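On the provided structure of chain A, position chain B as indicated by the hints.
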Amino acid sequence: MSARLARRDHLAAWLFLVPVIIVMLLVAVWPLGRTFFFAFTDAYLDDPSVYSMVGIANFLDVINDRSWWVAVRNTMVFTVISVAIETVLGLAIALLINEAIPGRGLVRAAILVPWAIPVVVSAKIWEWMLNDQFGVLNKILIGLGFIDHGIAWTASSSLIMGVVIFADVWMTTPFMVLLILAGLQLISPEIFEAAEVDGIPAWKRFWSITLPMLRPAIGVAVLFRVLDALRMFDLAYVMAASNENVMTVSIYARDRLISFQELGVGSAASTWVFLLVALAAIIIIGALRLDRASGELTK
Amino acid sequence: MTDVALYRTVRKPAAYYRVRRRIVRFFQSAALLLVLIYTLFPYYWAFVSSTKQGAALYQAALVPALDFTYYRQLIDNPVFMGSLLNSAYVAVSTTFLSLVIGLSAAYALGRIDFPQRRVLLMIILMISIFPQVVVLSGMFELINWMGLFNRPSALVLTYLLSTVPFTTWVLTTFIREFPRELEEAAIIDGCSHFRILMKILLPLMGPSLASTGILAFILAWNEFLFALTFTLTDENRTVPVAIGLIAGNSRYEYPFGQIMAASVTVTLPLILVVLFFQRRIVAGLTAGAVKG
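Respectively, the protein sequence lines represent chains A and B.
Mapping of the first sequence onto full-length UniProt numbering: position 210 corresponds to residue 210, and the numbering continues sequentially without gaps.
Mapping of the second sequence onto full-length UniProt numbering: position 29 corresponds to residue 29, and the numbering continues sequentially without gaps.
So that you can see chain A by itself, here it is in the shape it has in the complex:
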């Protein structure tokens, strides 16, 4: 292709990109920049035009706040435990569905339901099912004789984190299942047939063929889920408002920003959240690359 044609192509490319660039500048880059800027000011939400620069005072304010660290710990506990359970459960269900079963399409649609319905709705449904007096779960457990009176799942501060994790697992395992299922279907069945003919037992086929070949799919799914879990807001907010036992970093940041109207400190908290998520992204993407690189070396 001649240089002139190439230049014309590049120009066309940028023309096609104009809308996305304008929109991203407007709703992503500009607000993000303003958030970073406000983090260094003492502005309040009622009148953001009145402010003075305060340096890093807001950042220190946040990390000197005990409840910020509670929120960080909650977010970490929530992310690690829920993603771990989702991965294992997702893998198990994906393997089950991948077996030739009748009505696979319908099953796939059924497991998509928890993923598609709004988080708020799931939160409310579980809140109702876990109600201490009238919840169906307590009724079932009493009926089976495991407990003799209803447990206050959502009211107890020691159980609430478990409840939130449980609801999140219910909602997002389908996402894991689908990604892992897609990974499974990329593996050619001949490999398994060959291994089966050779008499390799099932657990060994799983451990040395399925799992290694699924690693990229699982890696990507875990990446998406971790980043999603780190910014979790709605589930904990609806189930427990600002209960300290499940307050996530997003809830902390929004509380200071909106409820307390502290634009400066709230922005600093948001910036910390940003750094936290960015760090997690870098670590996981790094780990995936490393994984791929070492995989190529041993080949």
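Simulated from the structure, these hints should not be mistaken for laboratory data.
Don't take every hint at face value.
[To be verified] Computed spacing ranges between beta-carbons, pair by pair:
no.	chain 1	residue 1	chain 2	residue 2	range
1	A	TYR44	B	ALA55	46 to 56 Å
2	B	GLN116	A	TRP30	18 to 28 Å
3	A	ASP46	B	PHE178	44 to 54 Å
4	B	TYR44	A	TYR51	48 to 58 Å
5	A	VAL88	B	GLN28	11 to 21 Å
6	B	ALA186	A	SER52	55 to 65 Å
[Unchecked claim] Derived contacts from chain A toward chain B, CB cut-off under 7 Å, selection only:
no.	residue
7	ARG34
8	ALA109
9	PRO118
10	LEU257
Note that this is a predicted model, so its numbers are computed, not measured.
C-beta: ideal position from N, C-alpha, C; glycine also.
Same frame as chain A, now just chain B:
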């Protein structure tokens, strides 16, 4: 090698394998049934609860009472119907805008070779993963400045933050899957890029647009944080926020029957979409994640 040989020497009669296969099948079906109950029961229970009145609500009967009073109350409730309309308006507009913007960008990123292509794709992916709370302060200012505070249109604008990177990314993957040969004749004829996109690719992209659009719609329909923050009054709320904020007369008297009826109503369109388009949804999800 030695252990392979070892496995091979153990031979068993055909009947053994037949019985074993049957046992495996049995456990598979049982496990599958368990999975289905686990995923579907809560939703079924919400429906059952929404059709029970008064004291019956607190009984654990598994069959629905089929009393639709709560639903009739919802239909007669202008605030709830208003929020349903708001949700529909916001989700449909967001989806439409995101598809148009995403398709245009995806054509450039998937079909034209230019030096900054990879960098742009990375930036778009990065934008799609950063937490919404991070832009909250800046977005608040932007919305105020545009005079959109407490208007559903504010939500359409802010939702573009998550849906546009998503549609761009997924549509780029889809566009790349079409063979280049499709356009070769057109390129030789000196056809413009715009014509190639509109006349050659667009007619083929129905299924891809459907996959991407459904997912963008679900994202926009379910969003909570921005909707909670940027709307103030009941008549401008979307349904997730309306449901999130329903409260009883006191903290201990939760109107669960009504909440469940509202939940079923909000979710029904999504369930139908999932049932009809599950193949398309899976295609969109995996195109965005696995092949990226």
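Hint by hint, here is what the structure shows:
1. TYR44(A) / ALA55(B): 46 to 56 Å: This hint holds: roughly 50 Å between Cβ atoms.
2. GLN116(B) / TRP30(A): 18 to 28 Å: With Cβ atoms ~21 Å apart, the hint holds.
3. ASP46(A) / PHE178(B): 44 to 54 Å: Given about 53 Å between the Cβ atoms, the range holds.
4. TYR44(B) / TYR51(A): 48 to 58 Å: holds (53 Å)
5. VAL88(A) / GLN28(B): 11 to 21 Å: With Cβ atoms ~18 Å apart, the hint holds.
6. ALA186(B) / SER52(A): 55 to 65 Å: holds (60 Å)
7. ARG34: holds (3 Å)
8. ALA109: At 4 Å from the nearest chain B Cβ, ALA109(A) passes the 7 Å test, so the hint holds.
9. PRO118: With a closest approach of 4 Å, the PRO118(A) hint holds.
10. LEU257: This interface hint holds because 6 Å falls under the 7 Å limit.
Every hint from the earlier list agrees with this structure, and none is contradicted.
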